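A.B. asks: Given the coordinates of chain A, work out where chain P with the ligands should sit on it, guided by the hints.
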Amino acid sequence: MANDEAKRPGVEGLSRRTFLKSVGAGSVGAGLLPRGGESGAAQAAEAPAVVGPGETSITLSINGETREVSVEPRVTLLDALRNRLDLTGSKKVCDEGTCGACTVLYDGEPAYACSILAMEAEGHEITTVEGLGTPDELSAVQECFVKHDALQCGFCTPGFVVACTAYLRENPEPTPEEAQRGLGGNYCRCGTYAGMREAVLDAARILRGGE
Amino acid sequence: MPEAAAWPPQDERSVLGKKIPRLDGPDKVTGRAKYAFDINRPDMLYAKVLGAKHAAATVTEFDPSEAEAMEGVEAIWVQPDIDGKTIHYSGQVLAAVAAVTEEIAEEALHRIHVAYELRDPVTDDTTPEHGGNVDEDVRGSIEDVEQAFEDADVVSSGHYGCATITHCCLEPHGHVAEFRDGDLHIWASTQNVSRYGQGLTDTAELPQDRIHVICEHMGGGFGSKLGDDIWGRAAVHLAKVTGKPVKLLLDRDLEQQIAGSRPSSHADVEIALNNDGEILAWRSHDWGSGGQGGYNRPHLPYTLSNLSPAVMRTQRVATNRGSARAWRAPLHPNGCLITMAALEDAAAAIGMDALEFFLNHVVDLTNNAEAYREELPIAAEMISYQDKAHLRGDETPGPVKRGLGIALHQWGGMGHNSNADVTIHPDGSVEVACGTQDLGTGSRTVLAIVVGETLGLPVDRVHPKIGRNAYPISGASGGSTTIGGISAASRLAAVAARDALFERVAPELGVEPGELEARDGRVQEQGNPENGMSWEEACGVLGVDSLTERGECVPPQAAQAGLISAGAAGCQIADVSVDVETGVVKLNEFVCVQDCGLIVSMETARSQVFGGMIMGVSYALYEEAIYDPVNGVMLNPDLEFYRLASMAEVGDLKVHMMTGPRYDERGVIGLGEPPVIGPGAAISNAIANACGVRVGMMPMTPDRVIQALAEGGKLA
Ligand code: FES
Ligand code: FES
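Taken in sequence, the protein lines are chains A and P.
Just so we're aligned, residue 33 is where the first sequence starts under our numbering, counting upward by one.
Just so we're aligned, residue 996 is where the second sequence starts under our numbering, counting upward by one.
Simulated from the structure, these hints should not be mistaken for lab results.
Computed from a prediction, not measured in an experiment: that's the story for all the values here.
Every clue listed holds true.
Okay, derived cross-link-like pairs now, DSSO-like style, lysine-lysine, Cα gap no bigger than 30 Å in a straight line:
hint, chain 1, residue 1, chain 2, residue 2
1, P, Lys-1581, A, Lys-179
2, A, Lys-179, P, Lys-1460
3, P, Lys-1013, P, Lys-1460
Estimated spans, in silico, between C-beta atoms of each pair:
hint, chain 1, residue 1, chain 2, residue 2, range
4, A, Asn-95, P, Glu-1635, 27 to 35 Å
5, A, Ser-89, P, Glu-1061, 24 to 32 Å
6, A, Pro-204, P, Asp-1647, 20 to 28 Å
7, A, Glu-100, P, Leu-1630, 37 to 45 Å
For glycine and all other residues, C-beta sits at the position ideal for the given N, C-alpha and C.
So here's chain A without its partners, still in its complex pose (with noise of 0.2 Å):
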């Protein structure tokens, strides 16, 4: 799906997911656009035609099990997740793909759920910070995490946790200048990184099969 993007007509500065979500299912003339850009009804034309405006129901693979939901075209995987699936784990901050509160794990990669709209998401495996562990049994990250007090109001964690287990996936022995670069996609308003660099090192210690 992610080579759909180049197929698809572009709209300078209107990407397909604001496009979609100001265009909403009725037909909303142009002056409604609540970010600036071209006319909604000339855009609608060329919007996929098999779906929407209205509900369709599609099918997700979400950390390992199968899940029905009924969505509009313009709802993102992260709004889905949350108000539909009530996995809320995945936090909602910026909505815009900065701060990485949402970021799941699609295909195995880090991706920012918020940017990623629900039908886009089928026949794509999901994993959510829920997939990854429970309290009594955390994974490794996340049980660093708890060691080394990563972690103080937690409302950005999940996505930390998240993106951290991908990051340890393809970089199993950063160093610490490195695991801080990796990590540079999320935010922490508390000021957490402290303890979050000790607790990447150490989870890359525990999976790397160390001491």
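C.D. replies: Chain P with the ligands alone, transformed into the frame defined by chain A:
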């Protein structure tokens, strides 16, 4: 207050002050922790707020009919006096829509037709031109000040300031409201669980006892989540008229515009001093803006309570910006920046090393001289000050200059009024209930530690229950008051519960209650542990009835009993590199030495200090709410252009907590605010020390650094 309630001596503590993992860690790292934003209720509606598009305007037309007619829109709440409403800042709340999905609610916002008549906004706070009356505060007399400036060897002067920043809580403000069986249930993101319902009684048309507030976890407040807010009342209204649960948490753009900010400050400062470093007098003129409302003088001269004569003149600039709210350590970071920068400039003006100047000429002007005199050398040692220090301006060749900067900070941190109930059940289980909240500060963990220590039990044997207004009333979490309030209340409750249990167990063991101790999971005779029983056996003596005792922290009494006190002091030193070609500042190392009296939970206390330092690096180098100079609208109400520091940008951090005699014996003192006060000042001073010029305004972004270098003739 029972004498026995005093904290046990340091060497007799089993869990108090130890590194205990945060109790709610496993729930948070697995996504199981439910925040207000995560609450989903059957048939719940999603509500979104419509904010004004302009910063200065009058609403001339408001027509929600098209939105109302949309399928899926269930109700619209509109500001009562919408026609002709004066708009003071962008994002000002106009209406809220409740719909069956979030997407429909968002779309409906765009279909509400609003027309405005625009006015010219006031946006510029960089000069006092738009300021109000001058408020003057004089120590000694004006004549003394003038005379001191005339007599001084040197007058050091500078302009310092900081931009408006936002609280930027990652969980936005708001709540879920549900009327069920005639009662109102609220899942709120709040720093004030016990009192959150008070402001909702009118909207809910219910007495307080029918309003149930829940806040198990909350995603950051930093002073901005103390009340229920207009949007909170809107959500209650929408729940009431629709008869369905309503979730209303602000979208990010509104969160950034209207849910809290820290005022800007600007100041012209002059310090009169002698060539040997003696500080003679202070003169400052400051102004700043907290939007339409509050701007109070930051503490000036910060920490220098004993500097006299001095004159401070202040003006408030009312701008068309979202209103300021208490921002972690109100008035302190701004005052610290202005004062510490002016002091470091004064040291540079007489060619004196900053550490020497602070130790010999500054600390005696504060009320914390003894603490600072102990802490500064420790901080200097931690950052290898003596090896790295140089007078202003790094003379090494090449574009990257390195420098050190010092800041002192202080805070009150006296515990608040708080109540806690400790219940011991016949099966040996123990719970502590307190109407407090955990902002990520570790309240849950603290309660379990205190009760565990008192009853001789491991922390995981104590079940802390917080985050409900049904629990014993506790104070709002603001001003670093929580740790003192809840630790004293839970200590008193646990001591009372323990003593009540001793009364019941003593006859069984043939001793007086006063001869018993609870230790290592046993209740036993002091000095004769053989004569005792396991905790479970002891609790079994209660028969069928559980035992509950209430503890109340009344601050003056708790202070008198040695449980809590006020007055935390600390210092920070930053080591930065400045690229004088690009203006980019890099933090190399950053250390903090912190006193907070007796430490209850070492792990979460250290995290608080790291957190304050990191938040401080973020506001020192990156954060700024930018307002359009023409139309006054906030230009960066997002997380892309309102920049927070990321993990790689905060340097190597080191924390040293002052423990042991002279600190520990003071009892518990709040820690949330202190470490966030100094980073702007320390980093500003380090930049000046590195590149030889003062970057007066914070955040010290590359453009400001370049400008200061250019003005100072130091641009590479
Ligand atoms: S919520 Fe998706 S990146 Fe911020
Ligand atoms: S722990 Fe609060 S935002 Fe990261």
